[in-house]
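Participant: Chains as they are written, first to last, in this note's numbering: chain A, 1 to 318; chain B, 1001 to 1633.
Rather than coming from a laboratory, the hints here were simulated on the basis of the structure.
Treat the hints with care, since some could be wrong.
Claimed, not checked - Have a look at the derived ranges for each label pair, beta carbon to beta carbon:
1) Arg-106(A) - Asp-1556(B): 57 to 63 Å
2) Asn-1428(B) - Arg-205(A): 36 to 42 Å
3) Cys-1628(B) - Arg-33(A): 32 to 38 Å
4) Lys-1489(B) - Thr-38(A): 29 to 35 Å
5) Ser-113(A) - Cys-1628(B): 39 to 45 Å
6) Lys-138(A) - Lys-1060(B): 44 to 50 Å
7) Lys-1489(B) - Glu-261(A): 16 to 22 Å
Claimed, not checked - Covered stretches of chain B, as calculated for chain A (at least 3 residues, CB under 8 Å):
8) 1071 to 1081
9) 1604 to 1610
A virtual CB, placed ideally from N, CA and C, is assigned to each residue, including glycine.
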Amino acid sequence: MACELNFGWTATIGEVVIGATKADGGTRRLSYRIGGGTTLPFMEDQAGSPSPLIALEICDYLPFWSPIAKNYCGDMTNSVSEWAKAADGTYGADLIRLYLTSTRQRNFSDIASLGKVVEDVLLASSLPLIIEGSNEPKIDSEVFQKCGEVAQGERLLLGTAEAGKYRSIAAAALAYNHSIIAQSPIDINLAKQLNILLKEIGVQRDHIVIDPYTGALGYGFEYSYSAMERIRFSALKGDSDLAMPMICSAPDSLTIKEVREAEPAVQDEMAIQWEFYTCLAAAAAGAEIVCVRHPGTIPLLRKAFADMKKPGAAAEVR
Amino acid sequence: MLTVTFLPSYRKIDVERGITILDAAQRAGLSMNVVCGGQGKCGKCIVYIQSGRVEFDRQKYGRFFTETELQKGACLACEATVQGDLHVVIPESTLIQEQKILVEGLEQAIDFRPSVRKYYVELQPPSLADPSPDLSRLLWGIQKSGGPVAEKMYAPLEVLREIPYILRHSDWKVTGTISLVPGGYRLIDLQENDTSKRIYGAGVDLGSTTIVVYLWDLVTGKVVSVASNYNKQISCGEDILARVNFARKNGLVKLQALAAESINQALTTASNAAEIDREDIYEVVVAGNTVMTHMLLGIDPAYMIAEPYVPVVRRALSVAAPRLGITCNPNGGVFLFPAVSDFIGGDIIADILACGMSERDEISLLVDIGTNFEVVLGNKEWMFSCAGAAGPALEGGEVLFGMRANPGAIEKITIDPVTLDPKYSTINGIKPRGICGSGLIDLLAELLIACVIDRTGRINMEINHPRIRKNAHFPEYVIAWAKETEIGKDIVITENDIKNLIMSKASVHAACVTLMKEAGVTRHDISTIYFAGAFGNFLDKKNATIIGLIPEIGIDQIKNIGNGAVVGANIALINRRERKTLDSIAYRMAYIELNAENSFMDEYTGSTFLPHTDLALFPRVQSLLESCRVKRE
Chain A
1 MACELNFGWT ATIGEVVIGA TKADGGTRRL SYRIGGGTTL PFMEDQAGSP SPLIALEICD
61 YLPFWSPIAK NYCGDMTNSV SEWAKAADGT YGADLIRLYL TSTRQRNFSD IASLGKVVED
121 VLLASSLPLI IEGSNEPKID SEVFQKCGEV AQGERLLLGT AEAGKYRSIA AAALAYNHSI
181 IAQSPIDINL AKQLNILLKE IGVQRDHIVI DPYTGALGYG FEYSYSAMER IRFSALKGDS
241 DLAMPMICSA PDSLTIKEVR EAEPAVQDEM AIQWEFYTCL AAAAAGAEIV CVRHPGTIPL
301 LRKAFADMKK PGAAAEVR
Chain B
1001 MLTVTFLPSY RKIDVERGIT ILDAAQRAGL SMNVVCGGQG KCGKCIVYIQ SGRVEFDRQK
1061 YGRFFTETEL QKGACLACEA TVQGDLHVVI PESTLIQEQK ILVEGLEQAI DFRPSVRKYY
1121 VELQPPSLAD PSPDLSRLLW GIQKSGGPVA EKMYAPLEVL REIPYILRHS DWKVTGTISL
1181 VPGGYRLIDL QENDTSKRIY GAGVDLGSTT IVVYLWDLVT GKVVSVASNY NKQISCGEDI
1241 LARVNFARKN GLVKLQALAA ESINQALTTA SNAAEIDRED IYEVVVAGNT VMTHMLLGID
1301 PAYMIAEPYV PVVRRALSVA APRLGITCNP NGGVFLFPAV SDFIGGDIIA DILACGMSER
1361 DEISLLVDIG TNFEVVLGNK EWMFSCAGAA GPALEGGEVL FGMRANPGAI EKITIDPVTL
1421 DPKYSTINGI KPRGICGSGL IDLLAELLIA CVIDRTGRIN MEINHPRIRK NAHFPEYVIA
1481 WAKETEIGKD IVITENDIKN LIMSKASVHA ACVTLMKEAG VTRHDISTIY FAGAFGNFLD
1541 KKNATIIGLI PEIGIDQIKN IGNGAVVGAN IALINRRERK TLDSIAYRMA YIELNAENSF
1601 MDEYTGSTFL PHTDLALFPR VQSLLESCRV KRE
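Chain B on its own, in the form it takes in the complex (with noise of 0.2 Å):
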């Protein structure tokens, strides 16, 4: 066995030789931001050997670094293999690290009407005069108390086996806890006195990257403390294809027992915050992708991969908590909600509760942006669906100095159109390290409208300044100086990087266009675009449309619902009527495959330019950048 030594956190992992430091580094518990999944192409896990052998091609990969990281030993931790004993410096911008996620409440108003309850209940023994059985007479007295009618109610074989030594020991005080199932009301569970004041219920977004858990008081109906952490799962693949790959590879197993862990570090923190008892959460409602729900419920999500993409299960779901491996109260249950197929998930399921799309006449857009994107547009009597791959340039991937929303990735930048300086904020407010989607949209916008790039994303290199220069491959951008960084490069945009940008920002916006093509509207019939996932939260709504990434409509209608995910989850928590209509929702929304339109592609290459081939779709821009123009002449 070889011993790695990881620094600066001085971890040590034995292992044999020839793995990976990547695998090395995960087998120690450090997570590692590998985009590409560990296989060669992002360039994202740089490690300095310190000391040490290993095998490593630089000059396969040498595209990655400076002259400068290679001198210091830099090499790809996914692509170097352990030779011998190993010391290996894991830089902070290769560690996966806090990310801003977003976590804020509800803004509409839902009623509270949870689908668990307690009830506490003082009931008389049993009597020769009264010898009703112990069931009857506990499911008496919690209607009484104001439960559902006692007919309704059932008791599972294992709750029934307790319940005469819990009402003769409480000496007949005892509180039950009614869950409402499909088949009736069940009780769930049976304590001893009155614990009625403690029942907490967790709504949780499942996102292949983060998890979020919002843990509500199920008497008070409020939120008591909210989580979030990363998902585990990210050791085995950045992105959902890569971790279906490693599904495939018997990976199933791990990948179900980490989705749960996910959830149980978020349930931990968030009890712990509270001062709860985490056997106090009764309900976990889970809004997922379809392929992070199939995981989760350790379903094989393999034939969702490939054509015909065919999900196992689409509809709503309730499971013990025991059985998935969630650390709640142990006869809790998980509900997990409806997909409309692989690629339209319970996440946008969520989204559309969260922005109540789903209830109006008017029609709405909805626009979740991640490394993949979906797309719904509709109001209350129909909805078209659909999604596609973004690819990971909004998200900094494909970016030479993208990065995801950490402390130090640029958020915000302008640029001052006569001198073409820029100004940026960084998330923390620390030296810059990389810039971030919005930060990139910014960019975007007002390179074009500075006139430094056209509309096809070029670079002018006409223009002499020191900002704009052409390195090895493409011209380039300088948006900060190597002494204002804190990694001590130039951070710059390339020619390369715009052209990702925009092929990302064409995909989704030719989405949007297919779909309204498909039921024929147009932008004027848009009441209101709603941005899903964290991405948009951040996103400037103005930049955005100057790109072209959405429709052109008034600023003041486009709205940011931020994590609908776990918005959605929370209703559904909290309010049992809402979620009765998720199935039907799912069920009624056509899905449009972008693949067999033949008009996408078309649509796409419309979009390629900024803000679009078509400048009649977006005349307020148009004229903005004509007047833009006209200044700087």
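Next up, chain A with everything else stripped away, as it sits in the complex (with noise of 0.2 Å):
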């Protein structure tokens, strides 16, 4: 499109650090600096407009997990170490987002265990990474501490902090310095709430990114879309509260009823489609970071991404 835009936007949306380098203290080969942005995703030329990073989201304990992604990946998936690896370089992910679903059995306590874990992810890949803690309030605090002491120095991304529970998350990042996901219910209200909590308790505009809770596509999606869409507009007319970079996840696309019921010859292609399709309008809602649990979306969405940055080309893509 050749016609120029002008939305009368003053403000740019805050930059958050992801990953740290040896010069920088870490031990990742790189690090990524996301959000910096004046408008919305695929307007801009090229230059200055980065594509959205897409994350590999792996597990540590597979009962919980979408047993299409686990038979995609197959037997590496019973090695944390060997799925990181994998992400890395088979699949070519920008993250791996690693959810420690260990903490969801029945009265686990055994912390010492997540720290092993979290240190194998670190030692097989050197991507930045993204931790998902546990869901149960009782030991939070503890996983979240336990993560970001072994992390520390890593400048992880740590998720995920809620109205009803920020607390702990946030005594963990402040205290080794990783960031937050910040997630609230579709509602730019809300979101902007969490994100004043987290600020009074100390946590830096610099170390929050916007969970803005994603639907799968045809499940809730439309309402995501439009309250980033209103976060996006909000943040770029001014409002710091909102202006942070968006993480976009649906692992609901993975267990919808179109894919669950889906052909065995086929579910692969619609699992494959069906986060493509979301993942790709998550971006252009202005996700910095979208996330993935089948593989084979990664390189559909990256192509993707490319072809959208082309001038003119954003009709084209498949």
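Given two chains presented individually in distinct reference frames, assemble the corresponding complex, making use of the accompanying hints.
Facilitator: Shown next as structure tokens:
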């Protein structure tokens, strides 16, 4: 499109650094500075407009994971190190998002084992790392402390803070200089409220990534989209409490009826397409990081992002 | 028949098996605290079975009781049914008690021009030389003693029938009572001899909870007494909706009678206090919400509570008192305030009259908070109004230890930001039994300032303090230890209570903002915010701003008009010109249906934060909170 779009936006999205290289005191081979945009994605000229990053989601305990992703990856999923290595090498992800699903077992208390898992993943891959802690308030604090401590200096992105539970994750992030995913249920006001709460207990703006909560395409994604759009518009108009990068993950994409009940022969393709279009839409709404569980989605997204950045090419995306 | 004996009053009532204890109590004339209208939802109607058999599901309602209460035979009066002769103890907290009611006079100077007046005349008896009819003779006499022009006065048939006898029996010395009515002046009463000093009128606030009556001497223009009592309709349901439902089940006649009885009781109390005869009350002016007004008129309110929410009548009405069962002078009239819609009733028109906002150039915001709230924004040229459900939290409902503004309610609280210990005062200074609305607002603001709660109202459980703890379900803060209280239980506020309060305050604030956006004004354009209703008068203005109940403007720009309904009724009683403006106020006011406003939900979510998600709307509160936080760190 050749038309000049001017919305009168004056503000810039804040930047968040994920991953620390040796020079910055970590062990990652690269580090990302996300955010910094001054308009919507795929609208600027190529210069200064990085593509959204793609994170592959993996986990340390399989019973709570999508069988489609598990079957596709095969035996490697039994070793979180192997899986992380493949995410970096074979699958070509930009980031690894590690879910500590083992904490969801009943009466889980082996906090030490989590430290080991995090260490293994850090050793197996030198990509910057996102870690999802437990969903259990009782052990939350210990889990985040452990992850924060083991990965001190690595500039992790820790997830997920919500309005009802943000103190323990913030404490770990503050203590070990990591960043935080702040998730609110598809609402601009609630997103802003959580950012203010985090700010008030000392978390700096450049350590927060907004998760607007993403439903799979056809399963509420349109709400996420409009919430994201409003968040981004407000930020660009100067609301600094919303001027953070966004992360989107729609794991439902692999469990919805259409994918779950697809013919075995086309199930993988169905899963990939669903994830692909969900993530593509999320990227168009402004997400700086999109997360996938099916490795097959990654190359499609990468190509689409590259194509969309070519002037006039947006309409041609498959 | 079974006999139920209520203790401690030993009131007895014979009832059939299977009726609820609540019904039995109502039949025995005992008014109980039934916030939910007897649906087993509020847990406020706790009674103790001393002896006898009841049917009651303790499992289902167990959450309302402590272990000790259960051992003492506690049950909910609305859910327990009588299965044998019973002795039931009704604890004081369950009975409806004397409430703190606003009774204050007028602050503004209103011209004294009542619409009923008495004229004493001494007439020349007729003769062959002057054979004019009795009526002409009387009306001429009244005109000569300063009354209206004779041709503009008329007498109804009932009075005409009496005229010849009264004139002759009194030796042509009579007192006529003239009332201004839409068609002219009406001779509503004729009495023998000089009774011209005995003419009174009443301004009435017909509230869904309380009735307030001001009795005025219409000769001197002074208030002679004030009385108030509960609306007896409470026995048919605590809230309006419950009563409308009661009306639908053939209860309208009873509700009409109870409304009239409630007014009569207040009139009687006021008359007795002033030592006057109720027959000398010639006019009663009633301001009530639309549903209450319909019920007093005996008009079915059922079509107001469902879409498209249509009232039967909204204009001002004058009705002969006996037709409504109001016991004043039998020829006396009742004037009822007009309404804007089913939700903006005569009480709000009365508020507007009381604060005078419809006569000024400056823009004012009027907020009347009860279980429902009404908000009016405007000036002499335009007005917008809206109404919504605030939920009962601000009045003490849906809050574990919430209560109405009765004796023993904690009404003011401060919390020491260092020790986190509270200081509180209660109504009547007795040991605390619960917290009322003004106390809850204080509590919310103080907990926020002390950083015990965050801006979403969640209690910071990382604070190690005996007052901050977790009960079976929610974190809570202890305001008063059991030993300090009247009820022998720790009085606490739970995170859930706080959530309910925030939802209530958010709906009020969102309504204010919705009207402001509709009118295109900002908080800087508002010259005055008026709080109406009993709730407003005891409210700490600063704390109300801190929690974001209302838009932030200067504290000295916030005014309490107290019971605006009765003030407005009084104004309409003593000044007939003001009364004439009422219909035009009602008709020119636009009503905004919040349900139909797309932006309302958004404003609401934005308001569910202390004070608000958009901190720029509350710059002073924001800097106050920041300085508090710095001090704490």
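Participant: Take the hints in turn and mark each one as holding or not.
Facilitator: Each hint, compared with the structure:
{"no.": "1", "hint": "Arg-106(A) - Asp-1556(B): 57 to 63 Å", "in the structure": "holds (59 Å)"}
{"no.": "2", "hint": "Asn-1428(B) - Arg-205(A): 36 to 42 Å", "in the structure": "violated (50 Å)"}
{"no.": "3", "hint": "Cys-1628(B) - Arg-33(A): 32 to 38 Å", "in the structure": "holds (35 Å)"}
{"no.": "4", "hint": "Lys-1489(B) - Thr-38(A): 29 to 35 Å", "in the structure": "violated (58 Å)"}
{"no.": "5", "hint": "Ser-113(A) - Cys-1628(B): 39 to 45 Å", "in the structure": "holds (42 Å)"}
{"no.": "6", "hint": "Lys-138(A) - Lys-1060(B): 44 to 50 Å", "in the structure": "violated (30 Å)"}
{"no.": "7", "hint": "Lys-1489(B) - Glu-261(A): 16 to 22 Å", "in the structure": "violated (55 Å)"}
{"no.": "8", "hint": "1071 to 1081", "in the structure": "violated (count 0)"}
{"no.": "9", "hint": "1604 to 1610", "in the structure": "holds (count 4)"}
Checked against the numbered hints given earlier, this structure breaks hints 2, 4, 6, 7, 8; the rest are met.
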